[in-house]
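Peer 1: If you want the building blocks of each chain, they are given just below.
2 protein chains.
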Amino acid sequence: MTSAYQHLSKTFQRLSRFGHLSAIAGWDMQTMMPAGGSQARGEALAELSVLQHEILTAKQVGSWLDQAEQESLNDVESANLSEMRRAWQQAALLPAALVEAKSIAGSRCEHAWRQQRPANDWQGFSANLKEVVKLSREEAEIRAQANGCSRYDALLDVFEPGMTSAKLDKTFGDLKLWLPELLQRIVAKQAQEPVERPTGPFAIEAQRQLGLSIMQQLGFDFNAGRLDVSAHPFCGGVPEDVRITTRYKQDEFLSAMMGVIHETGHARYEQNLPKQWLGQPVAHARSTAIHESQSLFFEMQLARSADFLQLILPQVVAQMGAQPALNPGNFVRLNQRVKPGFIRVDADEVSYPAHVILRYEIERALIGGEIEVDDIPAVWQEKMQAYLGIDTRGNYRDGCMQDIHWTDGAFGYFPTYTLGAMYAAQLFQAVKRALPQLESQIRSGDLQPIFDWLQQNIWQHGSRFSTQQLITHATGEDLNPAYFRQHLENRYLHN
Amino acid sequence: MTSAYQHLSKTFQRLSRFGHLSAIAGWDMQTMMPAGGSQARGEALAELSVLQHEILTAKQVGSWLDQAEQESLNDVESANLSEMRRAWQQAALLPAALVEAKSIAGSRCEHAWRQQRPANDWQGFSANLKEVVKLSREEAEIRAQANGCSRYDALLDVFEPGMTSAKLDKTFGDLKLWLPELLQRIVAKQAQEPVERPTGPFAIEAQRQLGLSIMQQLGFDFNAGRLDVSAHPFCGGVPEDVRITTRYKQDEFLSAMMGVIHETGHARYEQNLPKQWLGQPVAHARSTAIHESQSLFFEMQLARSADFLQLILPQVVAQMGAQPALNPGNFVRLNQRVKPGFIRVDADEVSYPAHVILRYEIERALIGGEIEVDDIPAVWQEKMQAYLGIDTRGNYRDGCMQDIHWTDGAFGYFPTYTLGAMYAAQLFQAVKRALPQLESQIRSGDLQPIFDWLQQNIWQHGSRFSTQQLITHATGEDLNPAYFRQHLENRYLHN
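Listed in order, the protein sequences are those of chains A and B.
The opening position of the first sequence corresponds to residue 5 in the working numbering, with each subsequent residue numbered one higher.
The opening position of the second sequence corresponds to residue 5 in the working numbering, with each subsequent residue numbered one higher.
Hints should not be assumed to be uniformly reliable.
A pair holds if it fits inside one copy or across any two, identical chains being indistinguishable in the list.
[What the hints assert, rightly or not] In silico lysine-lysine, BS3-like type, Cα no more than 27 angstroms apart, as pairs:
(1) K14 with K174
(2) K63 with K387
(3) K279 with K134
(4) K343 with K174
(5) K106 with K279
(6) K134 with K436
(7) K279 with K171
(8) K14 with K63
(9) K343 with K138
Hint data in this document are derived by calculation from the structure and do not stem from the laboratory.
Here the structure is a predicted model, which is why all the values come from computation and not from measurement.
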């Protein structure tokens with residue numbers, strides 16, 4: 005007889021296969037599709053997501069979940085069952101009408117934003133955003149009542165299970181105490197250390213070859229993935245076939261190069277998720293923050309270290325040609341430059357958390373009903389002044405209109421960027437303890453021990469453990485922001 | 005109240021959306037996917053085809069089809085209803101388990117073939133092919149019993165509604181009477197007309213640019229399609245986003261160029277199917293042979309004519325560089341060279357039918373159970389000797405392993421190539437009658453009247469009429485192979 009767990013397992017495998025098609029068609033839409041295919045593709049993907057929702061919320065799934073609790077399951081199966089329940093609850097809670105209304109309002113807001121942002125049109129944008137916020141509050145209210153938590157915490161939990169605003173307030177509150185001063189000291193120190201920009205143009209094909217050669221060095225499996233180009237870099241596809249993208253500029257190659265390294269971190273996590281459980285929820289990456297911890301481990305902890313930069317410099321010179329700015333000292337300074345600015349996605353790792361905390365505080369208040377959409381610009385200005393000393397008055401386009409996240413109601417996502425940065429620092433410190441020769445290994449290109457450690461401690465576990473268990477198991481303690489502070493001080497003040 | 009026809013219409017629109025995802029994921033598999041993604045992709049596509057099968061064969065569909073017959077429908081709706089019934093009958097016959105097994109076996113066989121063909125590994129390939137043949141025979145048997153016809157005719161009907169092996173035997177039997185002698189006479193004539201091969205290497209990027217510029221001239225809509233590279237050239241995607249492919253060799257550019265023109269013929273048909281009915285079966289291309297008639301109209305009738313070759317020669321020289329072999333007379337001789345050879349896809353239009361008849365006779369016997377997979381190499385050798393005087397012993401790679409079609413069980417497809425060639429000749433003759441200045445229009449690049457004629461007579465009708473009605477409406481008579489013979493004699497003997 006087929007057990008309830010087996011029924012569930014089959015259902016989720018089916019969902020995973022449809023997810024595969026959605027991932028590839030989504031990747032294609034960003035990388036390959038001509039503009040004329042847009043409407044038909046949107047309709048095809050929407051049809052598929054309706055189907056996925058129907059399969060996940062079918063009546064039997066709820067009963068199978070209850071029955072499976074009584075069945076004899078091993079540890080992995082139990083963890084898988086928890087993840088199944090979590091996915092089911094998140095989907096089943098929301099009335100179809102709300103899902104559809106939110107999807108339509110989000111589409112409209114995002115679509116208009118593409119014109120409104122360059123036009124600095126806050127009035128037009130805020131009208132659409134109000135509808136998105138209204139529906140996101142409804143969603144949050146339903147989730148909050150089911151979870152017995154605050155509205156914002158309920159949204160946070162979608163991206164980062166187990167995380168709460170109480171924990172975030174503590175962690176981010178600590179950061180706010182020391183970050184602004186640290187930033188000032190670093191900026192002052194670097195003002196004494198001139199840096200020379202490399203002179204382009206840099207051929208796109210050479211940049212692509214450089215990216216591919218570094219991906220190779222970082223262990224990307226080209227038998228199970230590709231590198232392509234899209235307007236907004238991302239890591240997509242499926243674990244068996246991971247699609248990462250970057251974008252190239254002719255006059256500057258470092259941001260594309262670091263972008264490739266960042267996405268390679270995401271990709272290696274995906275490529276090394278537990279093969280034997282693929283297709284089941286327990287094989288998924290643990291959370292958004294843990295995913296980001298892998299990309300930031302690769303980009304910030306590993307690739308922007310002086311040791312790694314020394315390792316890859318010959319490849320860089322081979323592809324880009326020798327020039328004075330590509331001397332070893334300047335190459336490190338180029339990749340460790342700290343410069344507070346308006347734009348989050350261009351920010352260095354020291355000012356980045358300020359961008360995130362600001363957004364976190366605003367979106368929490370917004371979802372909680374403590375502020376309204378009309379209040380955002382003033383709060384944005386006040387906090388940008390306080391955290392980064394930057395005046396954004398009247399400049400909505402480079403201020404509160406710069407990100408895509410709020411346009412389609414992804415409230416609760418922003419904090420995971422900085423959680424990821426803190427996990428990355430904590431993990432790198434643990435790798436250092438495990439590998440006493442780490443720095444010379446990096447300089448000589450012997451990176452396999454690092455990857456083995458990540459495979460052993462993070463990648464192979466998928467969602468088998470909670471984030472807290474995973475990180476405690478890997479590093480000996482729960483999230484501890486002290487490592488992030490230590491990392492920033494070591495790299496930017498004590499070098 | 006929703007009518008049965010409206011229910012059906014909604015159901016088929018949904019199927020069309022899933023078909024969109026299948027087409028794009030299938031295109032990706034041939035053009036972009038790394039080898040490691042193969043198994044997961046095969047499973048995902050198989051899952052989708054099971055779903056499509058379930059939707060199409062759901063109980064209500066049968067009753068809606070019956071009810072809709074009683075509803076008041078206009079001509080297009082009636083034609084749509086017929087196509088719906090045809091699709092439903094074809095699908096409802098097959099058990100879901102057979103559909104899934106065939107899809108998985110086909111994926112596996114095709115994927116392994118990509119390595120096995122270059123390795124000349126008949127043993128490895130035949131093991132996979134046996135499974136595909138076994139499942140195709142099961143399919144054929146089920147269809148044959150339902151249609152009251154032979155196994156092979158039942159498969160033929162899937163690609164070419166209305167066609168039977170009795171009709172094919174007659175048409176191909178006629179061809180076999182005059183083709184070998186005509187071929188000999190042409191080869192003897194051309195032996196007196198020396199031709200000079202262009203000297204490479206020819207940069208891939210220049211070949212690609214040449215292809216794009218000819219696609220532009222042929223009216224390909226780049227806002228609704230792309231050109232890429234695959235091992236076996238094809239036209240895929242969806243009418244809103246048509247994906248054609250070719251393959252390049254460094255030492256020879258004409259086959260890639262003509263390949264692009266061929267697929268552009270397919271693409272223009274797809275891009276110009278009736279927009280107002282897209283998503284419904286009546287908007288589909290009429291049949292495989294009519295589809296092939298469009299690609300062969302573009303490649304054989306139009307592009308290999310002396311007039312068109314004169315038109316594009318300056319573009320060819322601009323991309324490939326001037327050289328003696330690219331003088332006007334030699335350029336025509338190059339593109340009208342007849343040389344019996346091993347490879348069907350490289351064959352000239354005179355020897356091509358021999359390749360098709362050979363495959364038709366083998367697959368008909370294979371599906372009928374008169375021969376087995378292990379017999380294929382010997383039968384192949386015997387017929388290649390008889391029809392083309394070519395020895396293929398031991399050379400599986402350029403013999404019975406050269407084509408992709410049998411790998412995923414597309415038995416019944418090959419005959420449509422030669423039917424397409426015959427329809428193309430008949431259509432071109434009709435265009436000539438309609439456009440008395442055709443030759444000078446082609447030489448001057450005024451191709452729009454030709455496209456308008458095809459749009460008017462073929463493309464815009466989708467599947468509104470039967471093949472016989474369509475061709476009779478367009479040319480004044482049903483399929484008449486005399487035009488094909490006349491075309492070959494005019495081009496190759498009387499020039």
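Peer 1: Hint by hint, note whether the structure agrees.
Peer 2: Hint-by-hint comparison with the structure:
1. Proximity of K14 and K174 under a CA criterion of 27 angstroms is satisfied in neither setting, with 42 angstroms inside one chain copy and 51 angstroms between copies.
2. Within a single copy, K63 and K387 get their C-alpha atoms no closer than 47 angstroms, and across copies no closer than 59 angstroms, so neither meets the 27 angstroms cut-off.
3. With identical chains, the CA atoms of K279 and K134 are never at most 27 angstroms apart, being 41 angstroms at best within one copy and 30 angstroms at best between copies.
4. In this assembly of identical chains, the alpha carbons of K343 and K174 lie at most 27 angstroms apart only when taken from the same copy (26 angstroms versus 80 angstroms across copies).
5. Within a single copy, K106 and K279 get their C-alpha atoms only as close as 33 angstroms, which misses the 27 angstroms cut-off; across copies the closest is 25 angstroms, which meets it.
6. In this assembly of identical chains, K134 and K436 lie within 27 angstroms of each other by CA distance neither inside one copy nor across copies; the values are 47 angstroms within and 55 angstroms between.
7. For the identical chains of this complex, K279 and K171 are neighbours neither inside a copy (33 angstroms) nor across copies (52 angstroms), given an alpha-carbon limit of 27 angstroms.
8. For the homomeric pair K14 and K63, the shortest alpha-carbon distances inside one copy (15 angstroms) and between copies (24 angstroms) are both at most 27 angstroms.
9. For the identical chains of this complex, K343 and K138 are neighbours neither inside a copy (36 angstroms) nor across copies (67 angstroms), given an alpha-carbon limit of 27 angstroms.
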